[in-house]
Structure formats: C-alpha cells, structure tokens
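Q: Here the protein sequences come in this chain order: A and B.
Read left to right, the first sequence gives residues 1 to 648 (the working numbering).
Read left to right, the second sequence gives residues 1001 to 1114 (the working numbering).
Hints may be right or wrong, so weigh each one.
As the list claims (entries may be wrong) - Cβ pair distances, simulated, as ranges:
1. B:V1061 - A:R196: 52 to 60 angstroms
2. A:R274 - B:D1083: 54 to 62 angstroms
3. A:P597 - B:D1104: 35 to 43 angstroms
Claimed, not checked - Chain A is faced by these chain B residues, among others (derived, beta-carbon under 10 angstroms):
4. E1024
5. L1029
6. G1045
7. A1091
Hint data in this document are derived by calculation from the structure and do not stem from the laboratory.
No experiment lies behind these values; they were computed from the predicted model shown.
Even glycine gets a Cβ: it sits at the ideal position worked out from N, Cα and C.
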Amino acid sequence: MAKSDASRVGRRGFLRGAAAGAAALASTPPPAARAQDVPKRGSTPLPSASQAAAETSPPPPRADVYTTSRPGSDFMVDVVKSLGFEYVAANPGSSFRGLHESIINYGNNRNPELLTCCHEESSVAMAHGYAKIEGKPMMIMAHGTVGLQHASMAIYNAYADRVPVYIVLGNILDATYRRSVVEWTHSVQDAAAMVRDYTKWDDAPVSLTHFAESAVRAYQIAMTPAMGPVVLVADAVLQEEPVPEADRPSLRIPKLSAIGPPAADAAAIHEVARLLVAAENPVMVAGRCARTPQGLELLVELAEVLQAPVQDRPFRFRMNFPTRHPLYGGNLGEADLVLALEDPDFWQATHAQTPVNRMGMETRSTSKPGTRLITISSIDLNSKSNYQDFGRYPEADLAIAADAEASLPALIEACKRLITPDRKHALQERGAKLADAARRTRERALEEAAWGWDASPITTARLSAELWNAVRKEDWSLVSDVVFLSYWPTRLWDFTKHYQYIGGQGAFGVGYGAPAAVGAALANRKHGRLSVNIQCDGDLNYAPGVLWTAAHHRIPLLTVMHNNRAYHQERMYVQDMASRAERGIDRANIGTSITDPNIDYATMAKAYGVYGVGPIENPDDLAPAIRRALEVVRRGEPALIDVLTQPR
Amino acid sequence: MRFLLLAVFLTAIAHAQQPAGNAENGKRLFARDGCYECHGYAAQGSRDGPRLAATSLPAQVVINYVRRPFGAMPAYTPKVLSDHELADIYAFLKSLPAARPAKDIPLLDQLRNE
Chain A
1 MAKSDASRVG
11 RRGFLRGAAA
21 GAAALASTPP
31 PAARAQDVPK
41 RGSTPLPSAS
51 QAAAETSPPP
61 PRADVYTTSR
71 PGSDFMVDVV
81 KSLGFEYVAA
91 NPGSSFRGLH
101 ESIINYGNNR
111 NPELLTCCHE
121 ESSVAMAHGY
131 AKIEGKPMMI
141 MAHGTVGLQH
151 ASMAIYNAYA
161 DRVPVYIVLG
171 NILDATYRRS
181 VVEWTHSVQD
191 AAAMVRDYTK
201 WDDAPVSLTH
211 FAESAVRAYQ
221 IAMTPAMGPV
231 VLVADAVLQE
241 EPVPEADRPS
251 LRIPKLSAIG
261 PPAADAAAIH
271 EVARLLVAAE
281 NPVMVAGRCA
291 RTPQGLELLV
301 ELAEVLQAPV
311 QDRPFRFRMN
321 FPTRHPLYGG
331 NLGEADLVLA
341 LEDPDFWQAT
351 HAQTPVNRMG
361 METRSTSKPG
371 TRLITISSID
381 LNSKSNYQDF
391 GRYPEADLAI
401 AADAEASLPA
411 LIEACKRLIT
421 PDRKHALQER
431 GAKLADAARR
441 TRERALEEAA
451 WGWDASPITT
461 ARLSAELWNA
471 VRKEDWSLVS
481 DVVFLSYWPT
491 RLWDFTKHYQ
501 YIGGQGAFGV
511 GYGAPAAVGA
521 ALANRKHGRL
531 SVNIQCDGDL
541 NYAPGVLWTA
551 AHHRIPLLTV
561 MHNNRAYHQE
571 RMYVQDMASR
581 AERGIDRANI
591 GTSITDPNID
601 YATMAKAYGV
611 YGVGPIENPD
621 DLAPAIRRAL
631 EVVRRGEPAL
641 IDVLTQPR
Chain B
1001 MRFLLLAVFL
1011 TAIAHAQQPA
1021 GNAENGKRLF
1031 ARDGCYECHG
1041 YAAQGSRDGP
1051 RLAATSLPAQ
1061 VVINYVRRPF
1071 GAMPAYTPKV
1081 LSDHELADIY
1091 AFLKSLPAAR
1101 PAKDIPLLDQ
1111 LRNE
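With the hints as extra help, turn the sequences into a complete structure.
A: Shown next as structure tokens:
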C-alpha cells in the first residue's frame, strides 16, 4: 500500500522508520510553511532523548520502511489454498496487487494458479463454465469498482444458472491509504452493493481473522444448493500491511464444513411417489436437476423404475438424461402428472402464448385439465425480488422447496416400495410404447437433418453431423449451448455422461459462450477430454481476448464458429415488430447484421495465437478442416474453424 | 369419413385456386422479407420454423397461414406482402428438391446404425 508515500505512517507497524521519515520531513519544511510553523519561544517542551535521537540520527535505509516479510495477503493465500481452488482468473488490477503477488510468489502460483484474462466478464464466465464441469468454484479477482462493473453481466448469468463463482474484490476502504485519483476512483464504500441483487452472499472483512471466517463461509454458501456466486472484499490495507507479530499466533482458518444439500422431507417424498406410481402418463421435466454425475444416474434410475419419460426442452439447462435413452422425450400435452425438477421456467413448459398478443399476456395451458403439477426446486429456497429470473408463478399442486438431486434417492426408494407386481407390468408396457416413440423421433430427426444437406451457408444439422463423426470415438465434452443450433447436437449425438453438456448462459446474457467454453475446457484438460465449442459469432465479439487466454494457458479446445453473420435472435424480433407494424419487413437486417465488413474469425484467432482456418462455405470442406484442427487440439492447444452457417 | 371428404374437397379447391408464381422472384423475396430467418435459406426448417422446402401444402393453405398464423410466426398482411408475392414464394418452395433419404447420406446412415 502506497510504499512510496513517506508521509503516511498511521497504521503501519514500522514505527521506527515512520518516525524517522516524519523527522526527515520536519527537518525540511516547504518554504511557504516555514514562517508560520515557527513555534513560539517557550511554548514547546524539550525533546525527549528518543526524539532528539530521531532528529539527529541519519534516516534508516529505505528498504526498512518499504519491505515486509509477512503481508496480510500471504495469510489470505493460506485461506484460499485451504478451500482447494485450482485456479484464480483475473485481469490484473491495483486494488488486489498484494493478493496477486502473494498468489504467484508466496503461493508459488499453484492451487490456485493465476489465469490471465483480458476482461473481467471473461474471468467470471470462465469460472462459470469451469464450475459446470468440475462441480466446484473457480476464484476470480477484480477491482471492487471498474472490474466488478465489467464482470457484472457474467455474474448475473452465473446467478441465474445457479452456478458457484467465488469473487474476490480489491478495494481501499480507508481513505487515508488512497494515493491518487486512480485509487480514489477505484474505491467504494460498499463494493458488493452493485451485484448484491444477483449474488448469494457477500462480506467486506475488516480484519484477517474476519477474512478467514468469511472466506470459508462464502465457499460454503456458494456450494449449498441453490448454488450461486459469492463476493468477498479483500481490503487493500489488509492485503498489504504486514501481519503484526503479536497477531500471528491467533490467526487461524476455520474448517470448511461438509455440505448437506437440502432434501425434501419424508412426507412430501411419499406423496410425490404415490402420485407418480398411480399416474398413467407422468412426465418429468428436468431443468438443472443433475448437479453432478450422480444426479444423471439417479434420474435415469427414477425414470426406469417408473418407466416414465424425461424431457428437458426448450432450453436444456444441464446434462440431465442420456439423449438416446428410450425414455428421453415424452409429451407434456398428454401427461396426467408433470414433475418438474429444478426447472427455472416451468410455467413456460406447460403453457403456450396465443397468437393474438405476441407479448405473451394472453396464454393457454398446454396441459390436459386435471393434470397434476409438482415441482421440486431449490430455487424456491433462495428468492430475491429485484431481478425477475424466478419466472412466472407455476401454480403447482405441490411445490417442494428442496434440492432435486438430493431428493431423488428417497423418491426412488419410495416409488419402488409402492410399485406392486401388477403395476410393474403396466409400467413396462408403458415403457415399451415410449421406447418406440423415442425411436421414431430419432428416425424423424435423421430424415429432417437431410434437408439442405448440401446447402451453403451450411446447415446446423450438417455441421453437427460432421462434428459428431469427428469426435464420436473420443472422450468428448460439448462445452457450448445447443439452442441456437436448433438442438441438432442433442438430436444427433449420443450424450451419456454428465460432462458432455453444460447448458447455456443462465440469464441469456450474450458474451458467455466463448469464455465459458474456455473455462470448461480448462476443467476438462486434466481429465484428457476433448472439449468442443460451437461458437456463435455475436457472442465471440463481446470479449474475444479469451482466445488469447486459451492460447496462453495451453487450453485445448476445438471452437467451430456458428457464423450466421447476425445477431439473429434480435433480427427475428425486429422482423416480428415490422410485421406487426405492417412496414419495412425487408429492413430487419439494419442494426442486426454483422456484415460489411465480414469478420474474419480465422485471422482473429491467429492474432490471438490460436490456430485458425476458414471461412468454410462448402459443406464438403468441413470434415477435412475439422480433422486438421483436431490435430492441433490433440497437441494441447486451442483451434478455431470459421464456418458460414444457416441462421439456426 | 365426412371429415375426410371435406378435406379432399377443400384441397381440390385450394389446388384449383393455386396462383402461378415466379420461383426466381420467390427465392429473392424469401431472403429479402425475412422468411429465411426462421425457415432457413434452403427452407430446411429450424427450431423457429418448420421445413417449407418442397412443401406438400396447397398454395392457398400456405397463404392463409401467412395471413393468420397460430404459432410463433408473425402475421404478414397484404400491405407488406401481396398475394402475388406469396405465390412467387410458394413457387420457390415448390421448386426446391426433396431431400435425399437419410440412408443415402453416409454420415446420416452411420448415425442410423449407431
């Protein structure tokens, strides 16, 4: 903290050097001050021996004032290490320079290792993608002001996606320590206020002991379903001031408690099981049900016990269920019971908008009259008011506020107990019909994929099929969303493992895709998995510097551009508005095109040190391009293929 | 049976009223007026709109739907898209070749056998 500012001595432990420094200043007052500062004769007591010695002795060496053997940030690193972080992502910032230095030197830049990011939004979105693969948070650091402002959209995405991100903010709370206009403008009374509406918890500790306790508490809160981002302010004075000798023995790091996710109570479980077993056509809707690989296995077990289908449209928030499983699918319109598991938009799943009012004010239920609706969701445990990510009130018959994955084991056992041999026979017959329907759905998908097979721009079906052919024998992980691809990867590929799909943004904040893919690929790296990112062009342009981060940190990742040269979703909305207004239906491209000039993504990739090729316009050129790029990725590096694609 | 006869009758009328269109101009309009946004440049269909290439729907059915859609599609009134222009678009859609069967495309055939 302001080591070069010799006038500031207040809270430092270096009394000796500070006193000497003050004496040196006193011995050479500025000329304008001399006359008025001359003390009146007889009004000043004689100096003590120590004061006299300070005034007459030469000042101590500069290094004695400047150096410290034990800054507070070293202890902060001890705390961070105790929590098991593998990485800390940051765009460097002066308000956390002490912590930065301690991480790389005191902590030897291992566990956590510092990841150099070009934008705070990239830091958070990388942590977002990482957590969805690794199942635990990455730490990020940012200025409490300008850095957090950059990071805020990505934090909202993570919050809405119920993903833990551990955010440490630098800030200089004590005004006397701010040494320039830079540090004044980078300081804030309440740093976390800006994101408090969309984080789970925050604190601004005023001592190192306080920091340690809050750091552990923050981790526990972030990881308790419903998970979410947390913020911890690392005050710069605490970071940079030495730990007083007397305080060192008392500093300790609290242990991190084992986390028991909140499961539904026994009575509720029994009631849900009773209804499920009795239902003729139950359908399960999985939103963010599978938090872990075990969640996927449990959902498969429940579906098989009941011979009931599982679906995850329209947004596919997580890898909940194998896409070629015979029970993947189901028809909500025919259901007599719908069980929603961590679905953040259940109302949308059971309703349709009328064509009369496109803003959605007039709607109708798509469920049969009398259909029972049941929700199990941890979202109900963590409600906030301002941001409206909680969605429309679903009018469930039974709403259970609990973590779905944690509730599944008891639900499975309860269902097993209630299924009689006769009922089991009926369920098997139902399962056979569902399997047949799933097979027909798959055959239909293959026939649909054939339309436009040779078209240019390349169809998203062809793109997905070519990619699948290239990766299907690898241990692959799709680290991007499928919604803008008309779901073709999940319609064609054989998704079986939890890490093979991570869902989307959470709050649909664009700019998430590229950094989340890099973060997820980083998590996949130590497992030797091949990470594949089908990258929307508009999304990449928010913070393309993450390509450099991928190259710099040798993160293997195959990125294939879904380059439709437009903010296409918005273009469709503008088209809709033009049709409503009965004018200019040929002008929706204005303000939504990413053309003139076309962006050369291959050259962009090369500029960041990433292998780049394209644009690929002929679908027959796709397979060879993918093969060459995969050779680069297998060497442990990122690669990008620019592909001109159909809009969706 | 009554419903079947009615459907046949309506289809016959629709065919009888089917206006001739200019496929080349229809292709231009399909791109210019944003049809491709949901249905794809090749009218292959997408998440946001069904396949229209080589449609088997009669022209009048398509035109009626464009005027009064009941899904997520915007309504296009005659003020912005005339019947004549719609007929051209329809002619373009009819001119598109049917897709090859999936079994005749090696990648898709491979997927069938996985």
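Q: Hints first: check each against the structure and report whether it holds.
A: Structure-based check of all given hints:
1. For B:V1061 and A:R196, the Cβ-Cβ distance of about 54 angstroms falls inside the hinted range of 52 to 60 angstroms, so the restraint holds.
2. One distance hint, 54 to 62 angstroms for the beta-carbon pair A:R274 and B:D1083, holds here, with the actual separation near 58 angstroms.
3. The hinted window of 35 to 43 angstroms between A:P597 and B:D1104 holds, with their beta carbons roughly 39 angstroms apart.
4. Nearest Cβ of chain A to the Cβ of B:E1024: about 17 angstroms, over the 10 angstroms cut. The hint is violated.
5. Because the smallest distance between the Cβ of B:L1029 and any Cβ of chain A comes to about 9 angstroms, under 10 angstroms, the interface hint for this residue holds.
6. Taken as an interface hint, B:G1045 checks out: its beta carbon lies about 6 angstroms from the nearest beta carbon of chain A, inside 10 angstroms.
7. Given hint, B:A1091 at the interface with chain A, is violated; its Cβ is 19 angstroms from that chain's nearest Cβ, farther than 10 angstroms.
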